[in-house]
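Enquirer: Given chain A's structure and the hints, the job is docking chain B onto it.
Protein chains in written order, with my numbering: chain A, -8 to 337; chain B, -8 to 337.
Since the hints were made in silico from the structure, they are not lab data.
Don't take every hint at face value.
Stated by the list, open to error - Computed Cβ-Cβ distance ranges for the label pairs, DEER-style: (1) B:Ala308 <-> A:Thr285: 29 to 39 Å; (2) A:Asp15 <-> B:Glu249: 33 to 43 Å; (3) A:Ser317 <-> B:Ala305: 21 to 31 Å; (4) A:Glu120 <-> B:Ala308: 49 to 59 Å; (5) B:Gly241 <-> A:Ser317: 22 to 32 Å; (6) B:Ser3 <-> A:Asp304: 32 to 42 Å; (7) B:Ala308 <-> A:Gln220: 52 to 62 Å; (8) A:Glu66 <-> B:Thr315: 22 to 32 Å; (9) A:Ala121 <-> B:Pro216: 52 to 62 Å; (10) B:Ala228 <-> A:Ala117: 37 to 47 Å; (11) A:Ala121 <-> B:Glu217: 28 to 38 Å.
Every residue gets a Cβ at the ideal spot worked out from N, C-alpha and C, and that includes glycine.
Protein chains: 2
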Amino acid sequence: MSAPGPQTAAASANPVLVEVTRGDMVESRHRAALAVVDAAGKVLLSAGDIERQVYPRSAIKQLQALALVESGAAEAFDCSEEEIALACASHNGEPRHVEVAGAWLDRMGLSAADLECGAHKPMGVAASEALLRAGESPTALHNNCSGKHAGYLTTALHLGAPLQVYIRIEHPVQQRILGILEMMSGCELRDAPRGIDGCGIPQIAIPLSHVALAFAQFANPVDQPEPRQAACERICAAMAAHPFLVAGSGRFCTRVMEATKGRVLVKTGAEGVFSIIVPEMGIGAALKVDDGTTRAAEVLAGRVLEKLNLIDDAARAELSDLLTQSVKNVVGKEVGQVRVAQDSPV
Amino acid sequence: MSAPGPQTAAASANPVLVEVTRGDMVESRHRAALAVVDAAGKVLLSAGDIERQVYPRSAIKQLQALALVESGAAEAFDCSEEEIALACASHNGEPRHVEVAGAWLDRMGLSAADLECGAHKPMGVAASEALLRAGESPTALHNNCSGKHAGYLTTALHLGAPLQVYIRIEHPVQQRILGILEMMSGCELRDAPRGIDGCGIPQIAIPLSHVALAFAQFANPVDQPEPRQAACERICAAMAAHPFLVAGSGRFCTRVMEATKGRVLVKTGAEGVFSIIVPEMGIGAALKVDDGTTRAAEVLAGRVLEKLNLIDDAARAELSDLLTQSVKNVVGKEVGQVRVAQDSPV
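Chain A on its own, in the form it takes in the complex (with noise of 0.2 Å):
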């Protein structure tokens, strides 16, 4: 009764990763590919196709704050070490979190209206329910990337660019972002496939062993221009020294960067991908879940740090509701996990 796919569909699957099980059987699979990479591009771990083009998303926020810092634009404004974090963020939404975004936009002059973002709840469901039992509506400032917003209108300020449309391709902070991708993966990408992300600014597709490079790059910039260098380095610290400002209460991104005490510095994105950096290392990842699920982009994240040996046992047993997550039912029983897949070749 069997009806196969078609032969190019198969012979180019990437392997089953992650599995979800419930009881006695595997009952959903997540396929996906990763890729580990020093600063002179030798692959170091890999699974699937890794010259896949995807979009980074919100995973290459750190890449996207070096215009930020390079540009000079932070130390003219004086941000401070949070606000450089928040710039990395896809933050819950949390009182804190709108809180520096908002001091940040308040002295420069601006505020939340300046945005191009727009509103949406707050990622965390502690936050969005808080807001909703108040009565209040949510603002741009709650948007998970406020920060990034208000670090290109910074950028913009210094460079004397319009503060309007900062979003779009041809804005001159998206045509700085664009050169720093193009440099830190080794790719042109001025003709590479194109879309819009959640938040409104571009996106561009990168093979995943060259978003991973951009990584290795940032953990190790020798190969790139002085100014950016120092701005690696800054952007590492203000990550490690703020990880709750990077994500949010509970969230894996902020939890890792904690129990790991900011040797790693990890990045969660829309649709199944994440960024790791090891500076000590000097190697960089990226993974991309083939059907954009966050709970195996996870698990995998978790499973590359336990394979670059960057999870003591103290980090393990903090960390060990992420590294293999629960599945559970209503009232709270375990019925199955989130792991690693038995025949993973990772």
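Expert: Quick look at chain B alone, frame taken from chain A:
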């Protein structure tokens, strides 16, 4: 740089049937299997490995409701057509759903405290937000399965079986349902892989083709004993007459049953499953998205209905936003689509 997965994983990969675009590129891909069969078990349409076992989850609530109707419990307790529709529901927890479930239990001298499904926030976003704004907490009546559980209690009362732990596989109600699943699917299921569903009841693994067969039997129950034939018809009529109660405002199941004027009965389940009953054609269908994603299951269910010529021009106009779904950014602009894959084999 590519490292292909193990041969076995690639060989058994289901085809990509749904893809998610963003701008110029396909960003995410969903693999799936689907089977459309008649009551004799003849496969009329299929893709992927339809002999793989799946947990049919809430997509088989109609089959579970057979116990309520064919046992005589529904008649003995004067169940309305609305209550039978609600027994088949994964509802939104909107006021009307809660009201029907509450009144049903009340009539039997029972209450939300007798439901073993647990309480969760209403599945419907508007209902969930209204509850929060009102400062109220959800009860078990808001659980999307409350109607199904009310049906179990009704059946237990009628059978003189215990009202406690009716969710356990050993309970007479669950044993009846197991027998119904075996007869309808044509499978021995006593030793099948088993797990616990979100609402606490047993989930039994069934090959996808046999899930479809169970729904073909439902559509054309000529091989089933008589009380069941009438029960199948009564359940189909109830779902067709009350599509709102089966899901809720804006939901795929509700809108499809409304737009097709009850000619097809569709039912979603967690982890990317869907069932379809077409009484007028005497056929049934089932599908499972490998990665468990609802967006893909819905688009694929729509494709099956299109292939079966069950979507006329009026229905197509009404359902266009569900047959191909928009990916929108925060400010509401369409930036991509969830659509049937361009090279889908079906």
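Enquirer: State for each hint whether it applies.
Expert: Here is how each hint holds up against the structure:
1. The supplied range of 29 to 39 Å is met by B:Ala308 and A:Thr285, whose beta-carbon atoms lie about 34 Å from each other.
2. Under the hint 33 to 43 Å, the C-beta atoms of A:Asp15 and B:Glu249, about 38 Å apart, fit the expected range.
3. Distance hint for A:Ser317 and B:Ala305: a CB-CB separation of about 45 Å, inconsistent with the stated range 21 to 31 Å.
4. At about 37 Å, the beta-carbon gap between A:Glu120 and B:Ala308 misses the expected band of 49 to 59 Å.
5. A C-beta distance of roughly 30 Å is found between B:Gly241 and A:Ser317, which places it inside the suggested range of 22 to 32 Å.
6. For the hinted restraint 32 to 42 Å between B:Ser3 and A:Asp304, the CB-CB distance of approximately 37 Å keeps it satisfied.
7. Against the hinted window of 52 to 62 Å, the Cβ-Cβ separation of B:Ala308 and A:Gln220 comes to about 58 Å, which satisfies the hint.
8. The given range of 22 to 32 Å is broken by A:Glu66 and B:Thr315, whose C-beta atoms sit roughly 48 Å from each other.
9. With their beta carbons about 55 Å apart, A:Ala121 and B:Pro216 fall inside the hinted range of 52 to 62 Å.
10. Look at B:Ala228 against A:Ala117: about 44 Å separates their beta carbons, and that is inside 37 to 47 Å.
11. For the hinted restraint 28 to 38 Å between A:Ala121 and B:Glu217, the CB-CB distance of approximately 56 Å leaves it violated.
This entry does not satisfy hints 3, 4, 8 and 11, going by the numbered hints stated previously.
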